[in-house]
Amino acid sequence: MRVLSLITFCSLTSFAFASYCGQSGIPFSFEALANGQPILGIPFSFEALANGQPILGCARPSCFGWNADGKRSADAAQFYKIGKQSDGFLRSTDIQGPIVKNATYFRPQFSICDRSYMSEQCAENQWVGGISPLPKIIPGSIFKVMCCSYTKLMESSDQGIAEIKGGETVVGGEIHGEDGRQHSFEYISNIQRRFNQKGE
Numbered sequence: 001m002r003v004l005s006l007i008t009f010c011s012l013t014s015f016a017f018a019s020y021c022g023q024s025g026i027p028f029s030f031e032a033l034a035n036g037q038p039i040l041g042i043p044f045s046f047e048a049l050a051n052g053q054p055i056l057g058c059a060r061p062s063c064f065g066w067n068a069d070g071k072r073s074a075d076a077a078q079f080y081k082i083g084k085q086s087d088g089f090l091r092s093t094d095i096q097g098p099i100v101k102n103a104t105y106f107r108p109q110f111s112i113c114d115r116s117y118m119s120e121q122c123a124e125n126q127w128v129g130g131i132s133p134l135p136k137i138i139p140g141s142i143f144k145v146m147c148c149s150y151t152k153l154m155e156s157s158d159q160g161i162a163e164i165k166g167g168e169t170v171v172g173g174e175i176h177g178e179d180g181r182q183h184s185f186e187y188i189s190n191i192q193r194r195f196n197q198k199g200e
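The sequence shown: position 25 = 25 (our numbering), numbered continuously.
Please keep in mind that the hints were generated in silico from the structure rather than gathered at the bench. Check each hint, because a few of them may be wrong.
Unchecked claim - Using 27 Å as the maximum straight-line C-alpha spacing, the simulated DSS-like pairs for lysine-lysine come out as follows:
1. Lys152 with Lys84
2. Lys152 with Lys101
3. Lys198 with Lys136
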């Protein structure tokens, strides 16, 4: 059985043939397809399909990735199809951002991402911005991620590690206080792939 692990943090605050959340998106979910293929904005969810194929869910929360006019402030998310299944998605509620009434001091907030999939894992001050497409999920296949940096990640706190296997999902996203206001956002900071002794 394939096992993928990820670390979720709580934040205070054109690539060909590859999946990518974009500089104005955050991975908030990750889903793994049964064959292990991954998907990736700000990553907020991660799902492993029964065959191990990963699917990363991307988000663009109200506090990130927008210009003062409510349009995205950086490049767009893009996803790849593996076996007719998209390996990522941008949350459908994140199409249009908030419009700032007084934009005098407004500064767009977006991440700076690697130009390619060159890391086996991301550093503490980064999140997973994309995962290179994997046609086959086997122990010898190369697993690389694109890491994105964002200065406000220095204010984030580790919320732990979740290990998931085929058919399981981990979801983060907006965290609201008792007053109903958004206080933080849980995102996927890192993904590592593991196999058992049988190569599953």
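Here is how each hint holds up against the structure:
1. Lys152 with Lys84: 37 Å, violated
2. Lys152 with Lys101: 23 Å, holds
3. Lys198 with Lys136: 16 Å, holds
Violation of the numbered hints given earlier is confined to hint 1; every other hint is satisfied by the structure.
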